[in-house]
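Undergrad: Below, each chain spelled out in residue letters.
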Amino acid sequence: MNRILNWLRLRKLESELDRELKYHIDRRVSDLIRSGLPEFEARRRAALELGGVTQVREEVRDIWLTRWLRDFVYDLRFSARAFLRNPSFTATAVLSLALGIGATTALYSLIDQVVLRPLPVDHPERLVLIDWIGSQMAETLGTDNLMSYPICRDLQQQKEFFDGVFCRAATTINLSTSGEPRLTAAELVSGTYFSVLGVSPALGRLFTIDDDQAPGSSPVVVLSYDFWKNQFESAQDIVGRKVLVNQHAMTVVGVAEPTFHGIDVGEVPSLWIPAVMSAEAIPGFNTMLDRRTRWVQILGRLKQNVSLARTQTGLQPWFKAMLDEDTRRTDFSRVSAERRRQFLASTLGLTAAPQGHSILRHSLSRPLWVLFVATAVLLALACLNVAGLLLARGSARHRELSTRLALGASRGRIGRQLLADSVLLAFAGGLLGVVIAPVAVRALIAFLPRNTAATDLEANVDTRLLLFAFLVSMATGFLAGAAPALQARRESLVSSLRERAGTAFGGLSLRRAIMTAQIAFTLILVIAAGLFVRTLSGLLAKGPGFDTSSLISFGISPKRNGYSPADANRLIRRIHEEIRRSASTQISAIANFQLLLGGAWNNPLTIQGTERFTTDRDVHLNAVTPGFFATLGTRIVGGRDFDEHDSLPLNEGGQRVVIVNEAFVKRYFGGRNPLGAHVGMGSGLDVKPDTEIIGVVEDFSYRSVRERWEQAYFPIGAAYSGSNFYVRFRGTPESAYAAMRSVLRNADPTLPIAYSRTLDEQVNRSLNTERMLAALSSSFGTLALLLSLVGLYGVMSFVVTQRTREIGIRLALGATRLSTIWLVLRDALVMISAGTAIALPCVWALGRLVESQLYDVKPTDPVTILMATLILCSTALCAALIPAHRASAVNPNNALRSE
Amino acid sequence: MSSSRFPVPQGTLDMLILQILSLEPAHGYGIAQRLEQISKSVVQVNQGSLYPALHRLEQKGWLKTDWKQSETGREAKFYSLTRSGQNQLRVERHGWARLTGAVQLIFDEGSAQ
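These protein sequence lines map, in sequence, to chains U and V. Each residue of the first sequence is one higher than the one before, starting from 1 at the first, in my numbering. Each residue of the second sequence is one higher than the one before, starting from 1 at the first, in my numbering.
Among the hints, erroneous ones may be present.
Said to hold, decoys possible - Covered stretches of chain V (in silico footprint by chain U; criterion: 3 or more residues with CB under 8 Å from a CB of chain U, positions within the stretch not fixed):
| # | stretch |
| --- | --- |
| 1 | 46-56 |
| 2 | 62-76 |
| 3 | 80-88 |
If you are wondering where the hints come from, they were derived from the structure by calculation, not from laboratory data. It should be emphasised that the depicted structure is a prediction, and the values quoted were computed from it without experimental measurement. The beta-carbon is built from N, C-alpha and C at its ideal position, and this holds for glycine as well.
Can you make the complete structure from the sequences, with help from the hints?
TA: As structure tokens, this is what we get:
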């Protein structure tokens, strides 16, 4: 360590040494003069005694820097010269390392951003996510780890454990700053949010506990720094300006600090709104203070020296008391004993949340780790490949190395030279890799699911990433260089000098071992590629269960533009009529919830058939207009579709009806006719099953393509509304979009379109993760195959060259050409089968990592494994066949004469 | 230079430097002079190897250095022993005693015959 420091302060050390030596000489000279010598003679003597200032300086410098380090620099220079003389070798090695390092660095960059990086706040390690484990018996609004707002207030009183507690919910609002309203990502937060996180304002003030009072009492917003910069051009007078949130005026009170982008890397808010303004921010939401509505995530900051485990146990008494109290509340009176027991069995779960809370992380971390493992395997493969190349080069350089040994170089010294080779290669590869990485990251980000909210992911190379790439290159260099360096240590000098150039058997067993490992790694990657490709093609072949061609969907949200519910319904109805009348429309319908978005409206149903029972799991629910199933092109297999009557209010002749899907009938009616049976929403004893099942629709995908689930559909009308349009069009999608836009412009020019896309796009988007896994794993697999084929070819060619004489003798003694080919192929077969034998248990072990990412195929799927093994074996044998053929073509005369 | 003076045996220079510095801190020139004085000009130190030795000992953490005013008034680099330097001196002294003892024994053996 000291010595590395010395490198950095070399100049200072040198000037000190010069001063020290000058002092010595001056003193000596003056002493000598005093003893009677003339000055000239004295100076000469003094210098002579010291043995030359320059020499002393050299020697002292050696002590500072150690020979080791200085020699290593010379080694690097020597290696660089040697590599430049052999550009094709260098290019192959550097390129394979660059691919490996670049891919690994790119994946690491994403994992770092999505999974690992803590929030840029004070002591993020003390942040915890507080979650309800068990049945909350609550209405749900949102996804993942949801709690009710009153529980957050309760937790804020637990001062024994927490420095503070806050809650937050991501949402999208309709924001007008000056001109037209635009959909904008926002975060609803409690007044404690900023203070608990330790974020400070760049301008004005942030929310305080005073912004946490009565609902509707605090019409203020805080802007994110980026939004302020881009949208308001960093206006200094921003504080005090009014903005319209869903047509409600709110005052800007401050701007958050530049580095803070909210606590969700996948959904970066442009502004923050106090949770007490939730009724304004989420149209139709007015149950903020209800304990049976869960819609926020709650995070707390642990007190210093209070552990997570202690807090978890310490909070249980309070939590149990709250559960008890909840059951005594009136709205809990008519719950079945079973449900009550489930409710009371709930516990509170705390997890460390230094990275905040992110749904993106939840859904993406597994696929990202899978890919990271794959790139690590690829990198190891590249590493082995370079090791093999270096070994081959080592045998070519055999004479040179032997000569150096004979001239007195130590084995360690030669090993170091070889290590310098590989370290230099790795650094060149790493450098190129870092150049490739941002491009790869950008391509990866394009694969990720996106919604209106911007993600915070970037393709920048920062110091963390550089450090990572540096460490990986270092490790790669040492690993790739270890084999040749060890080999150099082991060789016997005498025997290698005695041998003729080029016949050294150096490192063959090592190269075989490396080749075997390469085959094993390759097989793992090829099998992974097979699994993911089969998953994707399985999902694509299955499809969503309806015809996606010539189908577009788009959405609006008039309530966010200030429409009352009744006005909004009238507007939607008018728009729908216009759309139907448009020449490009074949048929169209409206749904309450979008399809294939990964989410659904979930609730248990109570069924009254021959007996009364409750569904054992949530049913996926939606509300649709008549003709929705026809628009999708799905068939009604029993009963009828909704008609206009079903949409009427009950007192105007309407009736309560529901259509269920085949999966629902199969699970709850055992395939018997469900028509005429009744269902009710919810699971309580007081649920009245008064809604008649009037139809059965065939199964199609609602939440995601993967899923087969029980579904039930209610009519849009008196009870339910919706503003997601589905239109089957004639002609091109462009003309359909144009028609849609003109209809919307005529209806209300200020109304923003929340989204618009074809259903083909929607299916593609919902399969983004699967596509990313399939595309990347198959390119990794191909790359791996290529690398190991080249490697195998190299090793086998080497073997054949080595054994030319032996083969010549065999042929001369009467061996057939065929048996010669077999001789070589057998060698390759041993490596291939050994590699396969190593790979299969690894596949079995890694299977658990990928299992959740697969569809309709097991990680140990025999067909996939067999196919992959066949592909690998056949291509590998082809690669081995070329040298084998060359072996059989050996002319015995030449082979023997060449000796 | 008289031929009666013989060069310091290899490896003992470090020990001698440590010994001298255990008495009091000194600068390089001072050490050179003291080596000559103490050994009554019997031992000849090649001054060229003195400075590499000093820096080596410093690198090992046995010496620490200070720029201080010397007896002539000029600033000079003074070396002194660190705690681990003192330990090292003890170790080397012990080793030396054993070595010379052993050598003496061998000589005695030879003269007894």
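Undergrad: Could you work out which of the previously given hints the structure breaks and list their numbers from low to high?
TA: Hint 3 contradicted; others consistent.
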